[in-house]
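Q: Spelled out, the chains give:
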Amino acid sequence: MMSAINWPGVWAIFHHEMMRFFRTIMQSLLSPVVSTTLYFVVFGAAIGGRIQSVEGVPYGAFIVPGLMMLTILQQSVSNASFGIYFPKFSGTIYEYLVSPVGWIEVTMGFVGAAAAKSMMIALVILLTSFFFVGVHILHPFWMLAFLFLTALGFSLLGFIIGLWAKSFEQLQLVPMMVITPLVFLGGAFYSANMLPPFWEGVAKLNPVLYLISGFRWSFFGLADVPVGVSLVAVAIMVGVCLAIIRWIFATGWRLRE
Amino acid sequence: MAGIIQIDNLSKQYGGGTRALSDVSMDIEEGEIIALLGPNGAGKTTLISIICGLVVPTGGTVRVGGHDIRTDWRAARRMIGLVPQEIALEPFETVMNCVRFTRGLYGEGRDDAYIEQVLRSLALWDKRDAMTKELSGGMKRRVLIAKALAHRPKVLFLDEPTAGVDVALRREMWQVVEGLRKDGVTIILTTHYLEEAEEMADRIGVINHGRLLLVKPKDELMGEFGRKTLTIELDTALEAIPSALAGRGLELAQDGRHLRYDYDTRADRTGIARLLGDLAAQGITVRDVSTKQSSLEEVFISLVDDGDKNSAAEDAA
Chain A
1 MMSAINWPGV WAIFHHEMMR FFRTIMQSLL SPVVSTTLYF VVFGAAIGGR
51 IQSVEGVPYG AFIVPGLMML TILQQSVSNA SFGIYFPKFS GTIYEYLVSP
101 VGWIEVTMGF VGAAAAKSMM IALVILLTSF FFVGVHILHP FWMLAFLFLT
151 ALGFSLLGFI IGLWAKSFEQ LQLVPMMVIT PLVFLGGAFY SANMLPPFWE
201 GVAKLNPVLY LISGFRWSFF GLADVPVGVS LVAVAIMVGV CLAIIRWIFA
251 TGWRLRE
Chain B
1 MAGIIQIDNL SKQYGGGTRA LSDVSMDIEE GEIIALLGPN GAGKTTLISI
51 ICGLVVPTGG TVRVGGHDIR TDWRAARRMI GLVPQEIALE PFETVMNCVR
101 FTRGLYGEGR DDAYIEQVLR SLALWDKRDA MTKELSGGMK RRVLIAKALA
151 HRPKVLFLDE PTAGVDVALR REMWQVVEGL RKDGVTIILT THYLEEAEEM
201 ADRIGVINHG RLLLVKPKDE LMGEFGRKTL TIELDTALEA IPSALAGRGL
251 ELAQDGRHLR YDYDTRADRT GIARLLGDLA AQGITVRDVS TKQSSLEEVF
301 ISLVDDGDKN SAAEDAA
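For the protein sequence lines, the chains are A and B, in the order given. Our numbering puts the first sequence at residues 1 to 257. Our numbering puts the second sequence at residues 1 to 317.
Just chain A, with the same shape it has in the complex (with noise of 0.2 angstroms):
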């Protein structure tokens, strides 16, 4: 009796991804690394001087988990663009189309070895950290959890986006164009509470604010919304994303004729 999910067909996708990530592992993990260091520098010495604390929170850890909400969305979305993205262009996509595996197993293998470098390389961040600013986390749990969830959102947002690329600049337009500001805006750097508002009512329409907001409370017990809202938050995004995979698999969009 066949079993209902082709495990084996799940771990030889997600092994073949981590490969490829062992592969180039010092590029993977020194590039966000030496960004970190930067932004430490920038944020936490030169700009934090001025600020000292928000909120009772020295500024330079103040900014550890939005420095980590950065990363992992970027690194979530570009891992499983690109995983998704490499075999359409390569051609090898059509291994994954004509083998027992379906959305389930697809989505589970690059889904999942997106979410799980983008998570070793947060963490690689925080602990870069520890080295500039003294980060204590007061729900150790909750911290995993909200990165867990995080990167599972992003990684299956990257996964659309690389199924629905023609190009390798449609690819890269997403993250520039969308991603990216709304990390900036939705609170890495500063407390929405900080805004006029009028700001900080137009910051809450950023999905991302409750993805850093929720983070940023399993770090100080701080948080700009409600903790049940960003759980909330993120959950949705999985489920919508989980459903929009599905229809594509379904129809064969962009991916069967």
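In short, the hints are calculated from the structure, not lab data. No residue lacks a Cβ here, since even glycine has one placed at the ideal position from N, Cα and C. No incorrect hints appear here.
Okay, the calculated bits of chain B under chain A, using three or more residues with CB under 8 angstroms as the criterion:
1. 76-82
2. 106-118
A few chain B residues facing chain A, derived, Cβ under 7 angstroms:
3. Cys52
4. Gly53
5. Leu54
6. Val55
7. Val56
8. Glu86
9. Ala88
10. Glu90
11. Phe101
Using the hints, position chain B against chain A.
A: Chain B only, in chain A's frame:
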């Protein structure tokens, strides 16, 4: 007994309105090699792509080993291996890992002993640790075959397996296919090379304009549609064909010593006996005779031409 692949009234119309397949039905028996012949755009690749799951049909059904390719796709796909027309491989992956990966996709556990056997049979074992980007075109194509065999499929599809491959490698590829036949693998190949179909196939299907014009055992096809040419060597050269022999389609070779006579093997009377009698009556001495069977290429062209005429007639009606 039902065939390992049963295709019933299969149709495909692409979004732009192009009709790639029209009501194609055929059964493919277990263990046979069937060659699908047809000009570019005839629908061969579309047919293969539907069975393998790359293209969604607009009508009809396909069953592989009794499993419907749409409702029971997992079981159907486990039986199939596909060697695509285009060479598509992960450039930075080793040969061994490429094949292991495919095996995993098909839900099979790791079995390096079997993979070694496959790689050795394809003369790739020495290249097992080489990255695919370092391989020649012929080797890459063999890696695609190794990947397609990674899960021990019962049915193997080879889409233009020797396109752009040199003559020596083509022979090598035929040997590989022959080896697979001995292992009992059912093989469906598409080809432009009639020589390839003639060399390997048990049965030949001819497709044109999305229609399956016929499927027949190769020998029967050759016999039925084959025309033969009788060449008569004369004792003395002729300057022209004698008027008494005119109107029979005879051709005189340039040296005047050879007469060529085309005849249809399907005809009740080939006219050979009468021709030889008439030559004797004219006092022309025959030195030798030989016959030559027309090649599959000529058979194919005649079939496709007939198909075109029928399509045109249907369109006009």
